[in-house]
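Chemist: Sequence:
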Amino acid sequence: MESKPHLRFAPSPTGYLHIGGARTALFNWLYARRFGGSFVLRMEDTDRERSTPESVRAILDGLRWLGIDWDEGPEVGGPHGPYFQSERIPLYRETAERLVRDGHAYRCYCTKEELDERRKAFEKMGRPYKYEGTCRSRKDEPDRPFVIRLRLPDSGAVRFDDVVCGAIRKDVDDLYDEVLCRSDYVPLYDFGCVVDDHAMGITLVGRGQEHINSTFPQLVLYEYLGFAPPRFAHFPLILGPDREKLSKRLHPEADVMLHRKNGVLPDALLNFIVRLGWSHGNDEVISREQMIAWFDFDHVGTTSGVWNPEKLLWLNQQYLKAARPEELEGQFAEQLRARGWPVPDGGRLRGIIRAQQERSHTLAEMADLSAYFFAEPARDPKAAEKFLTAASRPALERIRDGLGKLAPFEPAAVEALFKATAEALGLGLGKVAQPVRVALTGGTVSPPIHDLVALLGKETALARLDRALAEIR
RNA sequence: GGCCCCGUCGUCUAACGGUCAGGACACCAGCCUCUCACGCUGGGUACAUGGGUUCGAAUCCCGUCGGGGUCACCA
0 MESKPHLRFA PSPTGYLHIG GARTALFNWL YARRFGGSFV LRMEDTDRER STPESVRAIL
60 DGLRWLGIDW DEGPEVGGPH GPYFQSERIP LYRETAERLV RDGHAYRCYC TKEELDERRK
120 AFEKMGRPYK YEGTCRSRKD EPDRPFVIRL RLPDSGAVRF DDVVCGAIRK DVDDLYDEVL
180 CRSDYVPLYD FGCVVDDHAM GITLVGRGQE HINSTFPQLV LYEYLGFAPP RFAHFPLILG
240 PDREKLSKRL HPEADVMLHR KNGVLPDALL NFIVRLGWSH GNDEVISREQ MIAWFDFDHV
300 GTTSGVWNPE KLLWLNQQYL KAARPEELEG QFAEQLRARG WPVPDGGRLR GIIRAQQERS
360 HTLAEMADLS AYFFAEPARD PKAAEKFLTA ASRPALERIR DGLGKLAPFE PAAVEALFKA
420 TAEALGLGLG KVAQPVRVAL TGGTVSPPIH DLVALLGKET ALARLDRALA EIR
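Using numbering that gives the first Met the number 0, the first residue of the first sequence is number 0, and each one after it goes up by one.
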């Protein structure tokens, strides 16, 4: 390929950014970044009922959160604007009229009601309905609303070589004279797509496999218009855990921003998504830089992939584990605020993160595991029954006294105290640490005992030990 | 139903005519160990199916079965 590739992501702003859209954007973006091309963002907002400014906002926010930037599009402009189809009507009008003039399209005055009736009649007979071409040779031009329809060739086939799927073909007989645009020249998908992809200099259209079938009429349009068609790459679909196509209605996890709320890191989500349909040998944990260095449509598969929440969680844990605590502060603080807990100062906040980051799958889990740092813990009765016993009283008392005198109140000193105590009592460290852990956290699970104690602070640690001691008869 | 695409462990996938079919998640066992987790070691599980082509097929061809997509004045 001589010239730089130009790719795009063209969502319709009818809701939040969903996972399928995010992956389509990611693949196109990666390809553009890898090969030094450009990445265009275009809003296909021609469905007036469903398109909303809030959705535009949500999509932009979602892409930015993921770190997918665009060279041209909303809020950044560019030489091919405007980037909202609703603002490009004159171009569609001019193009549609040219097609009519050239005999490649025609005005159709059939009403929606008439068409619906015909469709129903066909369905009743158990036959598939295709527009019959009623207005194909119509000469009069009644003063009525119309649509402009594509005039298909009488015969032949449309074929193309898909970058990921290979050779695909379809007979013109299996197509129909579809609607290009309405009376007000607001385009439908195929028409707007072709006009804009050409006008915006798109050389490679990457989209989900659900669009394979719309490629055929689009190719007819390229031909009629005398435009050189771009190359097409159709990506495999993403299915929900129930093997249905991932959809907003059926699958809450289709919402990109839900994962943010759950405390998933954008890089982890990107990593998970990029591996759905693409691979690079045996690599699993793949950084943003590596994705850009390695991504290629050659290694995009053809089979639909199923959403696997466990693997996302595992990946997120890998990223959590590898992150510097300061990188997690912001998103972790969001979790604390969501629970109505005070956000500690930076040092303590980072300390908690450091203590929990390798034992959390998400920042939400990290917050939940850290509850006892922020509020008086509820005591797990089973844990109390097993560890807060008369037998553990000597250990608890010695630790309580030792802690009371401890200075500085730091992990190394705490650890030394625990070791000395265990030795003095002739016990294993576990016999000392576990009762203390239950006294301090209410349960049997926490970071290492010395980190836990130091992070809790002397005052809180002593208070909780006193309370536990008081409860042991 | 017509048309289009697809079919390797439960899941994501590697393999681009010759491998004991590899890796990862999950699962099981063990090690490490103050708990949990991390980490490490080991384990089981897959080429949908029937026919070809070939010295040789998960890889190529055809049928069957199965899955998905699409059939709007949505995108």
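Hints are not guaranteed to be accurate.
What the hints assert, rightly or not - Computed cross-link-like contacts, DSBU-like style, restricted to lysine-lysine with a CA-CA straight-line distance of at most 30 Å:
(1) K169 <-> K129
(2) K138 <-> K111
(3) K418 <-> K381
(4) K385 <-> K404
(5) K320 <-> K310
(6) K123 <-> K244
(7) K123 <-> K111
(8) K404 <-> K457
(9) K129 <-> K111
(10) K430 <-> K418
Hint data in this document are derived by calculation from the structure and do not stem from the laboratory.
Chemist: Give a verdict on every hint.
Modeler: Okay, the hints, checked on the actual structure:
Only pairs whose Cα atoms come within 30 Å are accepted, and K169 paired with K129 is accepted, the gap being roughly 16 Å. Between K138 and K111 the alpha-carbon distance is near 20 Å, which keeps this suggested pair within the 30 Å criterion. Taking the CA atoms of K418 and K381, the gap is about 26 Å. The hint holds against a cut of 30 Å. For the given pair, K385 sits about 28 Å from K404 by alpha-carbon distance, which is consistent with the 30 Å threshold.
A distance of roughly 15 Å separates the Cα atoms of K320 and K310; the hinted pair therefore holds under the 30 Å criterion. Using a Cα cut-off of 30 Å, the hinted pair K123 and K244 holds, with the two alpha carbons roughly 29 Å apart. For a cut-off of 30 Å, the pair hint linking K123 to K111 stands: about 18 Å separates their Cα positions. At most 30 Å may separate the alpha-carbon atoms for a hinted pair to count; K404 and K457 meet this at roughly 10 Å.
Distance hint between K129 and K111 is fulfilled; the C-alpha atoms sit about 14 Å from each other, no more than 30 Å. The hinted pair formed by K430 and K418 meets the criterion: a straight-line CA distance of about 11 Å does not exceed 30 Å.
Hint violations for this structure: none, all hints satisfied.
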